[in-house]
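Protein sequence lines correspond, in order, to chains E and L.
Numbering-wise, the first sequence is residues 1 to 371 according to the UniProt record's numbering.
Numbering-wise, the second sequence is residues 1 to 303 according to the UniProt record's numbering.
Calculated directly from the structure, the hints in this document are not laboratory data.
Mixed in with the good hints there might be a few duds.
What the hints assert, rightly or not - Label pairs and their calculated CB-CB ranges:
1) L:Asp159 <-> E:Leu260: 29 to 35 Å
2) E:Pro297 <-> L:Asp159: 47 to 53 Å
3) E:Asn20 <-> L:Ile14: 37 to 43 Å
4) L:Arg164 <-> E:Leu260: 55 to 61 Å
To be verified - Here are the simulated lysine-lysine pairs, BS3-like style, with alpha carbons at most 25 Å apart:
5) L:Lys161 <-> E:Lys19
6) E:Lys19 <-> E:Lys69
7) L:Lys52 <-> E:Lys19
8) E:Lys217 <-> E:Lys73
9) E:Lys151 <-> E:Lys2
10) L:Lys161 <-> E:Lys217
11) L:Lys71 <-> L:Lys174
12) L:Lys244 <-> E:Lys2
13) E:Lys108 <-> E:Lys69
14) E:Lys73 <-> E:Lys103
15) E:Lys108 <-> E:Lys163
16) L:Lys126 <-> L:Lys113
17) L:Lys122 <-> L:Lys71
18) E:Lys19 <-> E:Lys73
19) L:Lys52 <-> E:Lys2
20) E:Lys104 <-> E:Lys73
21) L:Lys126 <-> L:Lys161
22) L:Lys71 <-> E:Lys2
23) L:Lys71 <-> E:Lys217
Where is the CB? At the ideal position from N, CA and C, for every residue including glycine.
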Amino acid sequence: MKAYWRLTWAQLLLFARNKNTIIWSLLLPIFMMLALGTFLGDGTGTDQFQLNVTVADEDDTSYSRNLVKELSKTGGLNVSETSRASGLAQVKQGNAEVFVLLKKGMGKRLSTEGKAGKSEPLVELYLDQSNPAVAEIGSTVIREEVDRFNKEAVNYQPPVETKLVNIQTRPLGYIDFLVPGILSLMILSNNLNGVAATIASWRERGILRRMQGTPLKSSTFIAGQITARVLLNGLQAVTVLLVGYFVFDVHVYGSWMLLLMFILLGTLTFMSIGFIIASLARTPESASPIAGLVTFPMIFVGGIFFPVRDLPGLLQPLVKAIPIGYLTDALRGVMNEGATLPQLWVPATVLGAWLLISFTIATLTFRWDVK
Amino acid sequence: MIRVRNLVKRYGGIRVVDGVGFDVAEGEVFGLLGPNGAGKTTTMEMIEGLRKPDSGEIQLFGVDGVREPDKMKEMIGVQLQSTALFDHLTAEESILLYGSFYRQMRPVDELLKAFDLEEKRKTLVKHLSGGQRQRLAIALAVVHDPRVIFLDEPTTGLDPKARRDLWRIILTLKDEGRTIFLSTHYMEEAEQLCDRVAIMNAGQVIDLDSPSGLIRQLASDSVIEFALEKKAMEVSLRQLRGVKEVRQDEGLILLLTNDLRGTLSELIRTADQEELALSGLRTRTATLEDVFLERTGKRLTEK
């Protein structure tokens, strides 16, 4: 027991004194979050959608001016007035997503309460259809606004009212997606790569062999490593979460206990895989590349920077087989959706199974000395 | 007290240790002397329980080292060839860490004092000098007050002063009544420290005795070294009084003799008669190096 505490403490001291560990394992995720969060997200995480709309008001009546005003007030629309030619050009150049042309005669038509009968359209929408999502949203938002004007003009009372119920109560942006991903990446690389490199180099330098010359049991040694790394990872995870919260307003909507449980599960799983790699590698020089070879694809198929569903179908079986995606899903579930353990039983079970198998292999293959 | 019989270890079909056997008595400094690759480290590591012998028996204080390595490890202290320490721990932290692996441990202050590391208590291992590191490595080997200490080439890579400091420490450990089992490829070290020396070559113990005993076994106890311009004298050199053997080694001629005075005076007279200049002439008593050379035809350390 004394040896266990001493080993844990020694490992924590080694972490604290090895500046590379601190820089790479803590500053890198935070830097990544700041960089990606600032450039890709918009920082606040709340107004996730901004549509640039250019309007050319050729009608220039109180009605048309009112419509422009209403559009400007609509959330998510960034409206600027311009001429027909410049508005069109801006859409073509990609500076604006939508161009709205209010043709002459619109005010007149509305003032006559639409009794003039059907004729040519007086509001024209110009959209870039190559971006269907934007085109869809743009046209819907503006159509609705025009529709409201129409209905007001004819004093239309809808027989059936639609009530809008917002089911997404939390404003989520890319940064909310990113932070759990970065957490997952950190757990992966710290443990898998960290353990593989450290243990292989200790073995090479004879540090492990020296310990083998004492009555120390390998299980005690491994337990000390695990404890120290779990503590370090917990600390790092909390730091990343705090930075996420204070800088980017990223909330943990689910249970902190559950989140920490998944962090623990991930830490233990990837640490076990790290131990296996350290045992299989013949030299410490080969341990790091092997660990890199294992980690690198995991970063891409693990849903860390973009959702797994965006990956080609060919890769989906791989995604289903490896643990990283499940960890990312679980962290995201707890943080973004407030998911509970019963809802996350799939990732919990898969990670648990990975842990059980890899830990067993790790203990069976562990050796103090160089082959 | 340490009893080793017929120890064999093969690596890839080669017998690295080939039937080694000896007894080590309590309180003595026992040395394994041999060149690199003779099988010294492998032999030691098998006795320390770090490697499993392919066959043979090892007993320490009646404990079977092959079957009960854990029980044995509590009784022994080891220092390995590579100074395997954590660079980012201090001397004190290292002692506390290794001490925690044993049931009992000596006070840190006592150890730091005994190994002259008091001022380095808070210094990281990576900032220690080679000699200080090696002293710390040995302090870690005695952290649990063991009766036997294994030191694998403890002074390799140290400068002469650090080496002598370490010799002093090893002799102190001996005075405390501990048994010391060390390996070395420095014959001077073996002569200075060891009560008995086992000479190892190619996986076998080829001789075992006290250093002086080994030297006494030599047919000749003195060596005359010099350089000659011509080698024509060689035949007559062998006929000088007392000469047992003539060797050539890197341009030097070595006369191995059991009558230093007689050989030397005849050598000088002969050189005068033949008008030959003897350059770099010196004499010395035979060393373990000569013992090794005589037994194996090889030098202990490559020059």
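For each hint, the structure was consulted:
no., hint, verdict
1, L:Asp159 <-> E:Leu260: 29 to 35 Å, "violated (53 Å)"
2, E:Pro297 <-> L:Asp159: 47 to 53 Å, "holds (50 Å)"
3, E:Asn20 <-> L:Ile14: 37 to 43 Å, "holds (41 Å)"
4, L:Arg164 <-> E:Leu260: 55 to 61 Å, "holds (57 Å)"
5, L:Lys161 <-> E:Lys19, "violated (35 Å)"
6, E:Lys19 <-> E:Lys69, "violated (57 Å)"
7, L:Lys52 <-> E:Lys19, "violated (39 Å)"
8, E:Lys217 <-> E:Lys73, "violated (70 Å)"
9, E:Lys151 <-> E:Lys2, "violated (80 Å)"
10, L:Lys161 <-> E:Lys217, "violated (38 Å)"
11, L:Lys71 <-> L:Lys174, "holds (23 Å)"
12, L:Lys244 <-> E:Lys2, "violated (63 Å)"
13, E:Lys108 <-> E:Lys69, "holds (18 Å)"
14, E:Lys73 <-> E:Lys103, "holds (21 Å)"
15, E:Lys108 <-> E:Lys163, "violated (32 Å)"
16, L:Lys126 <-> L:Lys113, "holds (20 Å)"
17, L:Lys122 <-> L:Lys71, "violated (33 Å)"
18, E:Lys19 <-> E:Lys73, "violated (52 Å)"
19, L:Lys52 <-> E:Lys2, "violated (28 Å)"
20, E:Lys104 <-> E:Lys73, "holds (23 Å)"
21, L:Lys126 <-> L:Lys161, "holds (20 Å)"
22, L:Lys71 <-> E:Lys2, "holds (18 Å)"
23, L:Lys71 <-> E:Lys217, "holds (12 Å)"
Of the hints listed earlier, those the structure fails to meet are numbers 1, 5, 6, 7, 8, 9, 10, 12, 15, 17, 18 and 19, in rising order.
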